[in-house]
Amino acid sequence: MADTKDLLKPYPSGAGPSPAPAPPPVDEADLVRRLRKGQEWACTILVSSYQDRLLKIAYGITLDHEESREIVQDVFVSAISKISGFRGESGLGPWLRRITINACLNWKRKWKRRFRWHHTSLEPDTEFLIYDAAAGGGTPETRLREKQKETAMAVAVGALPENIRAVFILNTLEGLSYSEISETLGIKEGTVSSRLYRARKMILDRLQKQDSSQGGTP
Amino acid sequence: MTPCNTYTEEFISRFVDNEVSSLQHADFVSHMALCQSCTSKEARFRQMAPTFEAHVAAQTLMIKTTLPPISPVKNPTTRPKGRVHKLASLGTAALIFAVALLPWTDDPGLDQIPEPSAIVNSVDTYGSSVMIIETANTQHTIIWFSET
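Those sequence lines, one after another, are chains A and B. Quick note, the first sequence lines up with residues 0 to 217 if you use numbering that gives the first Met the number 0. Quick note, the second sequence lines up with residues 0 to 147 if you use numbering that gives the first Met the number 0.
By construction, these hints were calculated from the structure, which means they are not laboratory data. Treat each hint with caution, since some may be false.
Examples of chain B residues toward chain A, derived with CB under 8 angstroms [unchecked claim]:
#	residue
1	Thr5
2	Glu9
3	Ser12
4	Leu33
5	Glu52
6	Ala53
7	Val55
8	Thr59
9	Leu66
10	Ile69
11	Lys85
Quick list of in silico lysine-lysine cross-link-like pairs, PhoX-like style, CA-CA up to 25 angstroms [unchecked claim]:
#	chain 1	residue 1	chain 2	residue 2
12	A	Lys148	A	Lys81
13	A	Lys146	B	Lys63
14	A	Lys148	A	Lys200
15	A	Lys148	B	Lys63
Note that the structure is a prediction, hence the values are computed from the model and not measured. For every residue, glycine included, the Cβ atom is placed at its ideal position computed from N, Cα and C.
All chains, please: the whole structure from these sequences, using the hints.
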């Protein structure tokens, strides 16, 4: 395989292959137009542009790897098939976000999924060891403590009621203002404020309980 | 630490989200300089987002590296549509149930089979999923088929 540095070196004038055609523009209006025409390239660009954001939202709400992947997969399939109905008022990002949240909140709790939700793995939690190598920075002890904090936080978020969790996710992961959350979920701004407060309070209470049960300081 | 009743926790939550007026913001900043309780609460509320974000970022990376890539179109060969496929699926389901129940037809204690205790294995496809479940005491094996 060619070294990336070599690939980035410019060819001397008159040497090497003819320059590759410039990539097509990724302007949103153009992307939507190409999606409407059913161009495969546009579908790939759509997925690569938005999958990280949507996966974070879906994982934040479902806290399940497979479920969030399936939801995001379905969101893209649904969005591409319904692109003719996209009016472009709020942009592709907010439109996809809304579809994702609806998909997560309409998430059918089949018994299989419920089982998986409450299932506690008997395997030791070693996932972070794999990903810590890439994370870099800090001593292993520091990383372990951070990982424990992150896991405790995820458990606390997982215990939140779903409507409160959705508000927390939009605020935390998407950085939406109260009015944007209100518009996305169709609830009043006052409700957003109280749900966010309740989310934080419940998380804090749970973390403090965990700390005290482990003999630590809150 | 002495609890403070000057500002509610919901106000502090709104402050963290920058959803208070500039006047309220300035007042609370001045208050925090003197109040350890509110300072501590504000810091704990503020710390939640980066901690959870770090967790979600790691999990998202894991989803992308361990699960099949997200495709903009579902592969039609893995999810065929049509009446024939539906009938075939139902037939397969019926067959699996029949086979799974066969050894129990003469068992008088059939009604007392305990709840499933563990999923031994499961295979998911786009069209259906099969799960092998084991019961706690009797070690019976249940094969569950469902159309997703």
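So which hints don't hold here, by number, going up? The structure conflicts with hints 1, 4, 11 and 12, although it agrees with all the remaining ones.
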